[in-house]
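Asker: Listed below, chain by chain, are the residues.
There are 2 protein chains.
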Amino acid sequence: MSERRPRTVGLLGAGVIGGGWAARFVLNGVDVQLLGRSPGTTERVRQMLVNARRAYQRLTPVPLPAEGALTFVDSVADAVRGVELVQESVPERLGLKQQLLAAVSRVAAPETLICSSTSGLRPSLLQVEMDQPERLIVAHPFNPVYLVPLVELCAGQSTAPETLLRAAEIYRSVGMHPLVLRKEVDGFIANRLQEAVWREALWMVHDDLATVQEVDDVVRYSFGLRRAIMGPIQTYRIAIPETSARRSMERWGPALKLPWTKLIEVPELTDAFLDKLAEQSDSQAENLTIPELERKRDDCLVAVLQGLRAQGCGAGETLARWEQRLLDRGPQLINGTGPLRMPTRQIPSDWLDGSGQITESRSLQLCGIATDNLLSYIGVDGGYRSNVGSYYTVETHLSHLRDLYVGDQVQVLTQVLGADDRRLQLFHVLMRKGDEGPAATGEQMLVHVEASSGRSGPVQGKVREHLLKLARLHAELPRPDRAGASIRLG
Amino acid sequence: MSERRPRTVGLLGAGVIGGGWAARFVLNGVDVQLLGRSPGTTERVRQMLVNARRAYQRLTPVPLPAEGALTFVDSVADAVRGVELVQESVPERLGLKQQLLAAVSRVAAPETLICSSTSGLRPSLLQVEMDQPERLIVAHPFNPVYLVPLVELCAGQSTAPETLLRAAEIYRSVGMHPLVLRKEVDGFIANRLQEAVWREALWMVHDDLATVQEVDDVVRYSFGLRRAIMGPIQTYRIAIPETSARRSMERWGPALKLPWTKLIEVPELTDAFLDKLAEQSDSQAENLTIPELERKRDDCLVAVLQGLRAQGCGAGETLARWEQRLLDRGPQLINGTGPLRMPTRQIPSDWLDGSGQITESRSLQLCGIATDNLLSYIGVDGGYRSNVGSYYTVETHLSHLRDLYVGDQVQVLTQVLGADDRRLQLFHVLMRKGDEGPAATGEQMLVHVEASSGRSGPVQGKVREHLLKLARLHAELPRPDRAGASIRLG
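Sequences listed follow chains A and B, in order.
Under the numbering used here, residue 1113 is the last one in the first sequence; the count climbs by one each step, no gaps.
Under the numbering used here, residue 1113 is the last one in the second sequence; the count climbs by one each step, no gaps.
Worth flagging that the hints you see were computed from the coordinates, not collected in a lab.
The C-beta atom is built at its ideal place from N, Cα and C for all residues, glycine as well.
Do not take every clue at face value.
What the hints assert, rightly or not - Result set (SDA-like, lysine to any residue): computed pairs, CA atoms no more than 25 Å apart in a straight line:
id, chain 1, residue 1, chain 2, residue 2
1, A, K919, A, A901
2, B, K806, A, D831
3, A, K919, A, G638
4, A, K1056, B, R1078
5, B, K1085, B, L1100
6, B, K919, A, Q947
7, A, K806, B, D898
8, A, K899, B, D809
9, A, K919, A, A943
10, A, K899, B, V808
As the list claims (entries may be wrong) - Which bits of chain B does chain A cover? Going by a derived footprint, with three or more residues having C-beta under 8 Å, they are:
id, stretch
11, 813-822
12, 894-901
13, 1102-1109
What the hints assert, rightly or not - Not close to chain A: a few residues of chain B, all C-beta gaps over 10 Å, as computed:
id, residue
14, R627
15, L687
16, G691
17, A700
18, A726
19, R729
20, A732
21, E785
22, L916
23, R948
24, T960
25, E1073
26, L1093
In isolation and in its complexed conformation, chain A is listed as follows:
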């Protein structure tokens, strides 16, 4: 896979969206030149970065690249100097955006991509005053930008096709899911759908059919659960499981004509209605501040993404691909003069058990991952497993020395203590970054089991050669103190 991660990007605007872009790029190892004029910008963006860092530490066991540098600048020229991509995220006022994008187009290098985060304005309107308008697209992200993968890409009348391709590759390189729209339309796709729900929700609160909390709860406990899995159209398709999609759509026809929605009008935001909304919204928040709500939302998004990753579904698949990219970049198994060293892993939040602890069983899981790495290093691959056999762990002796926490970076060092035709004895040491001594040690005995009989049988061919060579090498290493210990009281 080609690596198109940019070295530096220029960001214009430092609100919720601009700050979110800063966090996504910086945590993916991209340098950021950020222009934000409102007071408190620096502090607010740094706080967002703290939240985003926390979310990423919980999100993935894959260690992140070294962070990019975040530089606050004072002019458009300083923001766009030497960057591959400029991302504009200033308030939704057409004149303001047109003027800024035109200014960018005069100072940026000609090959610079210029992208607007606008949530509703058409790119053809945005590019009218620009030099080289062919390099402008809309790239509309979602809050929080550092966690939600979608970015809607929309070309204007003057946009060159390669602008879309280059931008898509860059967004993909920082873990996003770019989706290219077919046509220009106000509000693009996602916001038109969101707005439709929101208007209906506002009418319900306005007419006292439901409170803010009730509307939100109805969504969260019902169809909202499905929305990350299945979009609105497939949801209806599956609800009437006719044999053909067409028949199922026909069956829904009559319901469409029912007078259920009030979407023709927008409720007037009178003082009284605003008061009602505000009061109910505050009561729903249960005294949590916006930053607290944001952290709670992020933790839940992380949990949903982790769940979807295990199922290979939607945004979970995007997460898995991003992790693979990071792994492809990082160091692989290191075999120097000492024990084998596995790539460092980060303790993710789905390793917390219900009681909020990282249990000792996760140390064993890390040993298991190290064992898998070692087996693949000596050549136990899919072909060997189905034709010859594989190793199964029959015994484990663990010493638990230090507690582990979410976000900790842990490396496993593995020594072959002994090997014969059927057995393999390993000794793992778990080192947490920054510690002097190990967090845990694990000794394991594995038995080679034949694929044909399902019983223990001799290791064969190249795997045998690689294993015995590694065992001879490791026999010269000092034997760990804890090896061969048993548990005794008194």
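Since the structure of chain A is provided, determine the placement of chain B on it from the hints.
Answerer: Quick look at chain B alone, frame taken from chain A:
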């Protein structure tokens, strides 16, 4: 918590919704009398039950109650005989429902609750022809009924308040989240919101702004991810993090007036439009059949629910409360003449690792849960932990004997091998239901650590008494063969 789980319910209608109700009740230990007249009912409902059973086995580590009996009946009278609740889920035709509900009201016992699953018809219309209409409510569930927790409860003009209370308690007892609506309105709340999105989505496909797949993907990769966490109103609130909710709502005002939605009209379902929808929907499904799509959806819903449970959020909280109810019902720690026996647990799907295996580390996790149970049995509670101290595992020796799979039921038996003032040696045996020998054994050494100093120190008071008494009792049990073993090659 009072236990209001009914013994038997009567279900009328056996489509996607009626079958889903059958699965939810049966798997929660409730007997079901099901009337469904369409051909193939029996086979279809049994297939849904198979899917639902699979989903529940993946969903929770808590063992389920013995399943209720599912009986197919041929008449309304047989369906409602002796039941506490009747749930009507026949097609959405007012006349059909009115007639059926009136018939039910003449043959059901007077105290029977009568609930309609209608997704849009007002209860006041449904109850007009009934005897004792005060016991009718709408209880509108969501597909798949056995996994999605929300049920919208709506009273009609003649409904008695206690009908709502009794029904809510019953739905809660089978793991649902009942939400009582304030007013009667066509389509209630959830479907009005869903319809709003759906109409807008249909327009986009109609106007070739996006394909079915693109509309669904935009939702799944963006705001759909948040929908289980945060409803539509709080989403907007947090997107403009003003200090007051009112100010934030005011800021959104202008966007509401933008001409983004086409919701005034419904697109005509012409032949050409239906063909387009069907073709795109089939291509989106990638040759998966509806049952395959349903299983995929269920697996993802399970993953999302498990993720939200760990965060105590929304439907995840409903899941946790349901599990607690099941645990409260089941046997607690058993201390007879043999080792301590922990309650049986089920292997849930979030114990699968990325490679689709249950790793050996989960055996250690089960040992850890058994150790926690034992500690709480001898009196190590929150007070003891903060004032005196607690036990920490320092060493573990595991023997891995059999593989475990999702849905397996496992019980842990724990023997105290020895105890002194500072140390505690345990031996766990993991038995899978139906097996002769253990799936794994685990020996553990724990050290008592003082809360004040963070160092090892003597166990005290009642905890010491309970522990030593248990140790004396267990000293008379035979010592396990594998106790005290170490790992040796040759």
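Asker: A separate judgement is required for each hint: does it hold in the structure or not?
Answerer: Against the structure, the hints come out as follows:
Between K919 of chain A and A901 of chain A the CA atoms are separated by roughly 21 Å; this keeps the pair inside 25 Å, and the hint holds. The hinted pair formed by K806 of chain B and D831 of chain A meets the criterion: a straight-line CA distance of about 8 Å does not exceed 25 Å. A threshold of 25 Å between alpha carbons decides the hint, and for K919 of chain A with G638 of chain A the separation of about 20 Å falls inside it, so the pair holds. Of the supplied pair hints, the one linking K1056 of chain A and R1078 of chain B holds, its CA atoms being roughly 24 Å apart against a limit of 25 Å.
The suggested pairing of K1085 of chain B with L1100 of chain B holds, with an alpha-carbon distance near 23 Å, which does not exceed 25 Å. Restraint check for K919 of chain B and Q947 of chain A: satisfied, since their Cα atoms lie roughly 23 Å apart, inside the 25 Å limit. A C-alpha spacing of about 21 Å is found between K806 of chain A and D898 of chain B, which places the hinted pair at or below 25 Å, so the restraint holds. Of the supplied pair hints, the one linking K899 of chain A and D809 of chain B holds, its CA atoms being roughly 23 Å apart against a limit of 25 Å.
Between K919 of chain A and A943 of chain A the alpha-carbon distance is near 23 Å, which keeps this suggested pair within the 25 Å criterion. Taken as a hint, the K899 of chain A and V808 of chain B pair is honoured in the structure, with Cα atoms around 21 Å apart against an allowance of 25 Å. Counting residues of the stretch 813-822 of chain B whose C-beta lies closer than 8 Å to any C-beta of chain A gives 10; at least three are required, and the coverage claim holds. Given as covered by chain A, the stretch 894-901 of chain B passes the check, having 4 residues with a CB less than 8 Å from a CB of that chain where 3 are the minimum.
Counting residues of the stretch 1102-1109 of chain B whose beta carbon lies closer than 8 Å to any beta carbon of chain A gives 3, which meets the minimum of three for the stated coverage. Listed as a non-interface residue, R627 of chain B keeps its Cβ farther than 10 Å from every Cβ of chain A; the least gap is roughly 20 Å. Distance check for L687 of chain B against chain A: the nearest CB is about 18 Å away, which clears 10 Å, and the non-interface claim stands. Remark: the non-interface label on G691 of chain B is consistent with the geometry, its nearest Cβ contact in chain A lying 24 Å away (cut-off 10 Å).
For A700 of chain B, the requirement that its beta carbon stay farther than 10 Å from each beta carbon of chain A is met, with the minimum near 30 Å. No Cβ of chain A comes within 10 Å of the Cβ of A726 of chain B; the nearest lies about 25 Å off, and the non-interface call holds. Against chain A, the non-interface label of R729 of chain B holds: every CB pair exceeds 10 Å, the least being about 30 Å. For A732 of chain B, the shortest C-beta to C-beta distance to chain A comes to about 31 Å, beyond the 10 Å cut-off, and the non-interface label holds.
For E785 of chain B, the shortest C-beta to C-beta distance to chain A comes to about 21 Å, beyond the 10 Å cut-off, and the non-interface label holds. Not every CB of chain A is more than 10 Å from the CB of L916 of chain B (nearest about 6 Å), against its label as outside the interface. For R948 of chain B, the shortest C-beta to C-beta distance to chain A comes to about 16 Å, beyond the 10 Å cut-off, and the non-interface label holds. No beta-carbon of chain A comes within 10 Å of the beta-carbon of T960 of chain B; the shortest separation is about 23 Å.
No beta-carbon of chain A is positioned within 10 Å of the beta-carbon of E1073 of chain B; the least distance is around 16 Å. Residue placement check: L1093 of chain B keeps its beta carbon more than 10 Å from all beta carbons of chain A (closest about 15 Å).
Hint violations for this structure: number 22 only, all remaining hints satisfied.
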